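Colleague: Mind assembling these two chains? They're in different frames, but the hints should get you there.
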Amino acid sequence: MDFVPENALVIMEGVTKNYDGVVALDNVDFTVSPGEAVCLVGENGSGKSTLIKILAGVEQATSGRITIGGKVYDTLSPRLSAAAGVMVIFQDFSLFPNLSVAENIAFSTQLGKNRRLFNKKHVYEIARKTLDRVGVDIDLGTIVETLPVAHKQLVAICRALASNARLIIMDEPTTALTEREVSILLDIIRRLKKDGVAVIFVSHKLAEVLEVSEKVVILRNGKKVAQGPASTFDAASLTRNMTGRDVAEASPRPIDPSAPVLLHVKDLHKEGAFENINFDLHEGEVLGVSGLLGSGRTPLAKALFGLVVPEKGMIKLGDKSIVLGDPLTAAAAGIGYVPEDRLTEGLFLTQSIVRNVSIGRLDNHQNAGLLNMKSLFRESGDWLKRLKVKTPDIGSPVTSLSGGNQQRVVLSRWLSRAPKVLILNGPSVGVDVGSKSEIHDIIHELALSGIGIIVISDDLPELLATCQRILVMKSGVITDEVSGKNITEDELARRMAS
Amino acid sequence: MKKLFSKSFWIRNETLVAIVIIAFIIIASISDPRFLSMPTLTDLLRGGIVLGIFAVGVMVVLISGGIDVSFTAVAVFAMYTTTLFLVTFVPELSWYWAFGISMLIGAALGAINGIFIAWFGLPTLIVTLGTLSIYRGFLLTFVGSKLISNLPPDMRDFSRLMMFRNTNADGSFYSLPWAFAALVIVVIITWFILYRTTLGRSIFAIGGSIESARRIGINVRATQFFVYVYVGTLAGLAGIIYASMSRVANPFDLVGLELSVIAAVVLGGARLIGGYGTLTGTLLGVALIVIVRNSLIVIGIPSTWQSVAIGVLILVGTGLPAWQAKRAAARAS
Ligand SMILES: Nc1ncnc2c1ncn2[C@@H]1O[C@H](COP(=O)(O)OP(=O)(O)OP(=O)(O)O)[C@@H](O)[C@H]1O
Ligand SMILES: [Mg+2]
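Line by line, the protein sequences are chains A and B.
The letter at position 18 of the first sequence is residue 18 when you use this note's numbering, and the numbering goes up by one with no holes.
Just so we're on the same page, this note's numbering is the position in the second sequence counted from 1, plus 498.
Extracted from the complex, chain B is given alone in its bound form (with noise of 0.2 Å):
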């Protein structure tokens, strides 16, 4: 018991975020008794699959020291061409083989800005910010702009393979799709690498110092390389399943997402300098911000509100704990 509530365990991100999830979830059904129920839970894990997928990995990049700002750009491009190529040439493929090709391209795009990170030094935020707005402009430009509605079929059903549905008994009707089985495995996957790998605790090694991984001969170029490549591929994923699931492939979609999740894995505890991050941390953040984006107007905040509300969230959720630590490391003796 002691040990649980240390005081440690007060101050991390992850106990405040899950503290103000469970006070909103309190709140939003004291407001609507409906709110605590089946149908509520799998909107949010519907929700949070995209958001999630991304998420992972951008905490990879956050804790290799890095930020990635293009995944969202990776994802259109790599789930546009694919559809694009698919309704074009091969229909009738499978949707695994879709999937595959759009990670495909996700792990290229994510091998470019790997190539400009690891050799030639740049800074991360300035490639991403960079390749952001030439991955798009190169997608609408020469690949297309226009929507396309007609998804390979079995892209289509995909998304309505269920891994269970029901109604419930005042008859409102609740289903979670197998693609939320795919956040699961990616869930999985990385934290493998992270924990069980060298290659994992090389990401946090040069997250926390990048200098002293160079000097005890941790390949540095090599571990920035894979994480680029990684969060590409985590990214082209995360945009096969979201065209897959708004049955839509609109290349002017998910851009402009990247501050959203970026904003929910530093609310989980990852730190913007690198080094630190939690997949715990990053799940609750993206819990978090697709709780506010879907229910904020089941208390009776208007939507309007909702990026005032995240960023809030933000400010409390990451200023707290920094603030805390900061006491604690001038009181330490």
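Looking at chain A on its own, in the form it has when it is part of the complex (with noise of 0.2 Å):
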């Protein structure tokens, strides 16, 4: 046990947890103190949820002491937890789909209070309470279930902020959020550690991570490998720690002027999210979108795809025009669309990893009507192995994963389906640094076997590492396109906000 801060609010000692088999947490100790916001970094699959799972009573260590308030508790359990003033806004957000914004924010806090009447007046004002503190408007009366993603974690970040919690502990909260949202976050934590309230914070964005916190704890393999003030580490001695080796970025390769026109889009218009889109990609190619919240980059994804109708326009595939707005004919003329919302929705969560994946590749592996399951599990295998989806066992269902390998499942489902076009939406959201590169190096391989490659993301390090060219979207239209060679990423970012 390392030296331990007197008015420490948490600390847990020697916490180890095994799921059958797999040691998620190996003899961990963690502290926290007020008014302090620590950072847990660490690869995909490390143990940083299970840490949070286990402070947050919802999993039981193997071993181990944790002490929170000076109490020591034996088992925990999420209303001890709760009362102890631990509050957690968890990867997979934890909402009710099917309640309104306004319960889903207060439903912790009228358990926490013992209430058993329900005044939906009382819960309405928590709510927009909480709202207004985060500075979002969002209606209270919503379904949760339609709202979209950056909305739904900033539901999940509302809950956890609704109760006057002691500890606040945010699980990658930041994965759907543009920097808009993600700078009020981090002032929020700002002001919480101003008033006392601890702060463990859970992030793959290692920019953020040295931005908010005091100390810095490293996991990797379920192990604490480092541990230390926020100030003595930089991007690329916490990418070191993780890791355990240096990690390089290849470059784009140089475009193909003589690259044949894969996709050609024409005077794409939607009242209301975009207009006037022109743009060609070419065989090979690595195109990119980028824009802030609201800009249309996402619309304009789905369009492509026919998740949206637009009211005008063409999209052609070589020489032949796409309906608009039927996602059927254009995943079967050659389009793929990795979605945003990969965690929530995209996956069969008890089903198992491999079936996950080869739920898209069933045509391919069929023979006389029969399926073949050697092949198509080879295949899928093959591609869980490419992207490193760390598990023991292919059979096992998705939920025993990670979030971030879980985020690895989905995107195998789709590069497995060997497109024309790919369009990729956020290509490494909730991926671990190193693996980030990874995936990075595959986005080339294939672009290198000829398949054209959209990637739409705000994240300008991956724009510039995988793009050859680079569309600036702001309200509706492109209002620039960028080389990605001959760009520095201060340029990039001017350029989306001017």
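Among the clues, some could well be false.
Claimed, not checked - Which bits of chain A does chain B cover? Going by a derived footprint, with three or more residues having C-beta under 8 Å, they are:
| hint | region |
| --- | --- |
| 1 | 71 to 80 |
| 2 | 99 to 108 |
| 3 | 113 to 119 |
Unchecked claim - Ranges of calculated distance between the beta carbons of each label pair, as one might list FRET restraints:
| hint | chain 1 | residue 1 | chain 2 | residue 2 | range |
| --- | --- | --- | --- | --- | --- |
| 4 | B | Ser744 | A | Gln60 | 50 to 56 Å |
| 5 | B | Ser744 | A | Arg355 | 50 to 56 Å |
| 6 | A | Ala493 | B | Gly817 | 47 to 53 Å |
| 7 | A | Arg355 | B | Gly754 | 48 to 54 Å |
I should point out that these hints are in silico values taken from the structure, not numbers from a laboratory.
All values reported here derive from a predicted model rather than from experimental measurement.
Here a beta-carbon is modelled for each residue, glycine too, at the ideal position from N, C-alpha and C.
Modeller: What follows is the structure, encoded as structure tokens:
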């Protein structure tokens, strides 16, 4: 056990967690003090969420001792932990899709106060106050199911803020948020600290990590490998500690000017979303589309795959026109779309990992109407290996994976379909830095094989690492086109914001 | 005005079912002018009592994310055992004793379901399919399989207590029994639980996401246990009302009604995956099923077509909103 500050709010000593056979946490010591922000970093599957779930009482530690506010707990339950002032923003949000925004925000608070009667006015008041505090405007009566991801994440954040917590734990709270909302959240964290609230923050966006936290704790394979004041780390040393190696980013291959046009988009227009969109995508090209929230990048991406119906315009794949607004024909023609919202949608959680990948490939492994399961599973298994999904057994359910590894499963599913044009909306959301560059390598390889790829992202380093060309969108129009090779991150950020 | 007729208003199950009911009434009263009358209305209300109480219970189970098919067996078990007990030992007991005993038996049988589901975590369909057959088998083997037609006098009298009775201008007689008040009370109590208590909101919450419910510290076990005890209690009540209104306790009755009841609830907008369901929708669903059962003949459709008609209604009534919701979701940017 290392040095424990006298006023520590949470002390975890020698905490170990075994999931039948998998050691998710191995003898970890961990402390947080009031007003302190501790950042927990580590690769996908290194045990961050497990540590959080144990503190939240959702999972029981196999061994170890936990003290919260001076009280030693043999076993924690969600109730006990909440009563001790621990509030959690879970990686998968853990919201109630069928309830209103207001109820989702206020439910824990109501439980905490042991209220037996439900007072709608009261609940709306709590929710209104919390939303105001975060400075976002979401209609309180909306059913959460119908919200876009970013709003779901904000609701999850508000729920944790609604009651007077002593420790707020945020498991990747910014995956779906754009810069503006992230900076609001960072502000909130600063304010919370000032009020003496402790914060545990998990993120793969290392810049955020260093910006708000006093202390960094690094996990690797369930073990704590390093910890120290945030000021003693930089992005490179964090990465080295997480992965045990230096990570080099390959830069995109120069564009081949003679490559034929693969996707031709002309005068695409949808009222209120985007207008006058024109661009070509060449074979083997990686084209970036960037812009802030509300710039129209996601509706455009969805329109290309038929999920949004444009009023006018034309999309041609090769020399074939694609019917607008019909995902089935788009998919049949060879367009693939990896959605942004991968953790809450698109996975069959209780099904096995390999089934989740192979679901899109049933057609290709059929013989006289019978499925060739062996070749199907072999192919899916190969993709899972390529994307380094961390699991002892690809036959186990998706729920046994860490969040980042679940993301990779969805990615594997789409990559294995071998489309002609692949649209990746946020290709490495929630994936650790080490594997991010591996995913970028895969994007390069796919492009090399002639696939046209569109990367939608507001992660500028990612765009620069993968794209030969980047389109910048603002309020629904393409305002700029830059060559990825001769532009710096700052310059790109400036063009997006201006 | 604008809000009343918003887009979501039109794609709600309640609206669709209400439109079908109105259309049915219009067609029926055109083909038989006598259809639109007090006797028809009271017939429908009377026909909806037992079905309605069942449906409210089933709706609560569906909202919680489960399903119960054993409630008819619970109802007949509670009703027959109670009646047998009364006629054998204390035939002079008042009707409310009969009601109380039957509801207690129903609650106990529901609790057995609840233990298997909440504590052993078994799938709800499997548990209730099992208990459906166990409760019924137990009743017929160990309690009795003979029809009891000499009901305790007070139970018989209960069904004759009328809220009002009257005679139409054309001489047709109509009346509404006090038993109907039981449905009204059940609806009010259920509404209060679902919308005014934390317990009720927890039922919605576990139907929306049981894992999320656990994570924020909702007592999932207790909530599920309550749900199955509640539906059992309502089944006991519906059973005894059924016996009292039909003036006989027949151990072969009721079982077989499960699917019609679930159909009514689903028609009213409750989702089989849990988390959704409204009392208005459920009652409209029951009304539609009762109308189809009682009056299909009026508009010239042979009664053998009844189950086909109900099937078509379910497909259209639940398929249309689901399809529209899917399209709306796909188009939202
Ligand atoms: N329910 C479970 N059953 C079996 N193994 C599990 C279960 N939950 C987690 N694991 C395993 O425990 C390990 C740690 O997972 P954890 O979710 O803590 O990772 P993480 O650090 O949060 O990663 P990420 O950045 O991807 O979210 C992983 O190897 C994971 O596969
Ligand atoms: Mg995690």
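Colleague: Decide, hint by hint, whether the structure agrees.
Modeller: Each hint, compared with the structure:
1. Coverage of the region 71 to 80 of chain A by chain B holds [criterion: at least 3 residues with CB-CB distance below 8 Å; count 3].
2. Counting residues of the region 99 to 108 of chain A whose beta-carbon sits less than 8 Å from any beta-carbon of chain B gives 4, enough to reach three: the coverage restraint holds.
3. Coverage of the region 113 to 119 of chain A by chain B holds [criterion: at least 3 residues with CB-CB distance below 8 Å; count 4].
4. Taken as a hint, the range 50 to 56 Å holds for the pair B/Ser744 and A/Gln60, whose Cβ atoms sit roughly 54 Å apart.
5. The hinted window of 50 to 56 Å between B/Ser744 and A/Arg355 holds, with their beta carbons roughly 51 Å apart.
6. A C-beta distance of roughly 49 Å is found between A/Ala493 and B/Gly817, which places it inside the suggested range of 47 to 53 Å.
7. Distance hint for A/Arg355 and B/Gly754: a CB-CB separation of about 38 Å, inconsistent with the stated range 48 to 54 Å.
The structure fails hint 7 only (numbered hints given earlier).
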